[in-house]
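Protein chains in written order, with this note's numbering: chain A, 1 to 466; chain B, 467 to 932.
Keep in mind the hints are simulated off the structure, nothing from the lab.
Note that beta-carbon positions come from the ideal geometry of N, C-alpha and C, so glycine has one too.
Please note: incorrect hints may appear among the correct ones.
[Unchecked claim] Okay, the calculated bits of chain A under chain B, using three or more residues with CB under 8 Å as the criterion:
{"id": "1", "region": "177-184"}
{"id": "2", "region": "189-196"}
{"id": "3", "region": "251-258"}
{"id": "4", "region": "264-275"}
[As the list claims (entries may be wrong)] Partial pick of chain B residues on the chain A-facing surface, computed with a CB cut under 10 Å:
{"id": "5", "residue": "Arg727"}
{"id": "6", "residue": "Pro729"}
{"id": "7", "residue": "Ser889"}
[Said to hold, decoys possible] 20 Å max Cα-Cα, derived DMTMM-like pairs, lysine to aspartate or glutamate:
{"id": "8", "chain 1": "A", "residue 1": "Lys75", "chain 2": "A", "residue 2": "Glu147"}
{"id": "9", "chain 1": "A", "residue 1": "Lys355", "chain 2": "B", "residue 2": "Asp820"}
{"id": "10", "chain 1": "A", "residue 1": "Lys256", "chain 2": "B", "residue 2": "Asp820"}
Protein chains: 2
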Amino acid sequence: MRRLALRFHLQLLVATLMLALIQQTQAANSQAMAKAQQFTLPNGLVGVVIPDNRAPVVTHMVWYRIGAADEPVGKSGIAHFLEHLMFKATKKIPAGEFSKIVSRLGGNDNAFTSHDATAYFQRIAKSRLSQVMSMEADRMVNLQLAEKEVLTERDVILEERRSRVENSPSAILDEQMSAALYRNHHYGIPVIGWEHEIASLSRKDALDFYKAYYAPNNAILVVSGDVTVEEVKKLAEEHYGKLKPSAAIKARDRVKEPPMRTPLKVELKDQRAGKPMWSRHYYAPSYVTAKPGEAEALDILMKIVGGGPTSRLYKKLVMDAQVASSAGGYYGGSGLDSTKIGVYAVPNDGVEMDKVEAAIDAVLAEVKEKGVTPGELERAKANYIAEYVYESDNQSTLARRYGWGLVVGRTIPDIDAWPDRISKVTPEEVQKAAANYLELRHSVTGTLLPIAPDAPAAKPVSGSRS
Amino acid sequence: MRRLALRFHLQLLVATLMLALIQQTQAANSQAMAKAQQFTLPNGLVGVVIPDNRAPVVTHMVWYRIGAADEPVGKSGIAHFLEHLMFKATKKIPAGEFSKIVSRLGGNDNAFTSHDATAYFQRIAKSRLSQVMSMEADRMVNLQLAEKEVLTERDVILEERRSRVENSPSAILDEQMSAALYRNHHYGIPVIGWEHEIASLSRKDALDFYKAYYAPNNAILVVSGDVTVEEVKKLAEEHYGKLKPSAAIKARDRVKEPPMRTPLKVELKDQRAGKPMWSRHYYAPSYVTAKPGEAEALDILMKIVGGGPTSRLYKKLVMDAQVASSAGGYYGGSGLDSTKIGVYAVPNDGVEMDKVEAAIDAVLAEVKEKGVTPGELERAKANYIAEYVYESDNQSTLARRYGWGLVVGRTIPDIDAWPDRISKVTPEEVQKAAANYLELRHSVTGTLLPIAPDAPAAKPVSGSRS
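Input sequences plus hints: build the corresponding full structure.
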């Protein structure tokens with residue numbers, strides 16, 4: 001009785017907290033909706049401004065609607081390679097000076113490449129915004145690549161691949177799982193590229209890619225911080241407005257997956273693996289490709305099933321059955337195309353992989369058959385909304401939220417309505433999402449098995465033509 | 467003692483027969499080497515002539531150095547689709563008349579598409595060779611495609627896919643296994659194409675592909691039969707010589723596979739499957755990509771391991787252990803790029819898949835560890851050489867042998883030297899090939915499991931974006 005009463009009080013507390021959070025969010029949200037503002041320059045560049053005048057700093061980002069999944073066949077890694085090369089010379093700025101100048105101005109900068117987008121950003125004093133815009137606009141069209149610098153940078157990237165992938169059995173397994181899961185779509189090709197293809201990327205490849213995709217009408221400018229939309233638009237007109245749009249830019253038209261009909265299994269034995277690992281990816285729609293409400297339901301589902309130590313997977317495998325030292329899952333729904341749900345576990349010493357897999361399958365079967373409880377649903381919603389509110393307090397996170405959303409074709413109202421949509425997900429929608437997408441036939445299951453150091457080395461045989 | 471003596475006599479008989487066959491082959495071979503002759507027209511068209519004057523008929527083939535593995539991304543099936551459309555109209559010949567004309571001339575004709583080549587051929591009276599050449603040269607450059615015919619033919623191909631793949635669980639499994647095995651190379655995409663991509667192929671796609679790849683400098687003319695090289699060259703000059711070469715034709719540069727590091731497993735459950743099936747593909751070099759002697763050793767290896775009812779797999783699984791109703795293996799080494807070794811078995815009723823797999827793995831482990839016996843080696847060689855001699859008696863097979871060899875970049879002397887190279891394969895080379903290429907990390911294992919008709923239908927969920 002005592003316990004029941006406690007549970008009731010906890011649920012009441014959670015419900016009350018959630019209500020408060022939703023109200024706070026809706027306020028923050030309506031504020032955000034008023035605040036994130038968009039404009040488009042005559043040359044096609046889209047601008048988004050998220051004012052935040054608590055400190056005289058800004059985050060300036062330029063997003064290109066181009067990523068690793070758009071690369072030409074045989075040129076994997078070129079999007080990421082070009083991202084590196086964008087820090088080389090233009091007519092105005094010598095090679096390697098871009099970041100140094102930003103640093104001397106008191107700011108910092110970086111860039112990243114994903115399958116769907118490439119972005120460049122600086123965080124800097126408001127008074128320097130015009131100068132970094134001038135530099136970013138300059139390298140959008142004036143990149144100068146010296147053969148020698150290209151080759152040196154290629155070595156840097158090959159080393160990056162060696163340290164991040166080749167020396168990491170779990171990264172190799174992940175790469176092999178993606179290659180198996182996507183039969184047709186280029187999400188199956190690693191963002192950094194296949195080593196043998198990186199090794200043959202040339203200056204010409206980089207320039208071809210640059211000329212094809214870097215243009216104001218393929219870019220989204222995002223500025224968050226101590227600015228007004230009028231200020232940003234004026235600066236954008238001055239720096240980006242003078243750039244000519246490219247007639248070659250077209251809407252992205254990616255290949256689609258054929259129907260998935262067979263579960264796949266991938267097994268990696270590696271003497272460098274510290275612990276065994278079990279991992280599964282299910283093919284699932286993204287926010288862009290899902291039917292209305294589906295992606296939100298998948299977010300809720302995977303929070304309940306695998307989000308942290310209160311999740312079903314953690315409780316069942318780690319706490320109750322004690323077959324794993326960690327276990328969880330996630331939904332990766334931010335892609336332009338359908339991507340995946342991930343589930344994983346690290347078996348405890350001496351526990352067979354099959355036993356761990358059976359325990360996971362039981363958790364997944366239960367949620368497919370019986371759905372989730374109202375308490376779980378409310379906690380998951382409260383958790384997401386709390387995260388959303390928390391993240392909305394961060395200038396850089398806000399810039400990424402809108403930049404990422406717009407680069408995959410979503411709109412500001414769509415992005416802003418997310419907490420509201422999350423709060424409306426029903427238990428039926430969650431169960432339906434589980435039934436539809438935790439489907440073994442659309443999955444790849446990977447296992448990583450450490451082997452004794454004296455076992456034959458897992459030296460891969462290259463598939464290159466002789 | 468009786469049995470030993472008999473075995474000795476049998477081995478002697480085999481050895482004697484083989485010696486006779488090799489001598490016969492070397493004679494046939496030197497004859498063939500004198501006979502298969504090659505010329506090149508100024509426009510780049512390569513001609514091969516294999517005279518055979520036993521009957522006044524000829525086989526006329528035109529091979530294009532273009533196949534399904536060369537298709538643009540997202541346009542899978544276009545090579546095969548175009549092959550169908552080549553039987554539509556030119557300025558001179560109305561749609562659908564090509565084959566009817568050949569038939570009225572007393573001949574027959576057809577065409578085929580593979581990952582590496584597309585070929586068109588007619589078998590016809592010698593006196594009609596000039597006429598079919600004229601027609602083949604005409605459709606090499608003058609294809610006329612009406613929108614309506616293209617759409618009708620696309621439906622024909624979608625129906626072909628439905629009947630050949632969608633209605634065949636073993637074909638679906640094979641397709642899924644190839645998609646998994648090749649992480650990067652387009653051998654992972656079916657020749658007929660993915661259904662959703664076939665469905666969107668257009669007249670423009672077909673014409674773009676046609677214009678890009680159909681030209682005399684991308685074609686190999688092969689004529690076998692009652693002709694001399696002089697006659698064929700004269701006719702070729704008359705009909706093909708007037709066609710302009712295309713400046714767009716370049717050497718094929720296919721993507722390569724990244725290193726293969728993980729065994730893969732694919733499982734298909736289908737209520738339409740009559741029997742369970744176990745199948746494995748190992749990634750292996752082709753004659754074009756292998757080091758000298760390797761491909762020949764692989765041919766010998768797989769003849770011994772899996773070629774027919776005297777093979778190790780058949781004897782162990784079907785006759786001795788009686789776990790399978792059929793079992794075998796093969797090496798598919800004819801590709802332009804590295805392809806595969808296949809191994810398969812059909813389990814007997816009530817025998818677990820795992821038991822069959824263990825029996826197969828034992829056979830493969832034994833050959834890797836202990837190699838093959840001299841008797842097995844000699845029988846395999848004799849068998850290949852007998853097949854070669856037998857096939858050399860057939861006009862159409864000869865035309866295909868040289869056409870296929872040349873279209874993947876081999877030469878007539880290289881093709882003719884095959885029996886000699888096969889006869890020189892050593893037991894060490896066979897064992898080394900087994901050790902190098904029967905490697906689980908470079909494999910995909912597929913299982914087909916019938917399920918009860920009242921089990922949930924294996925309806926695939928399409929991965930198309932909504």
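Original post:
Against which earlier hints does the structure fall short, listed by number upward?
Top reply: 7, 10
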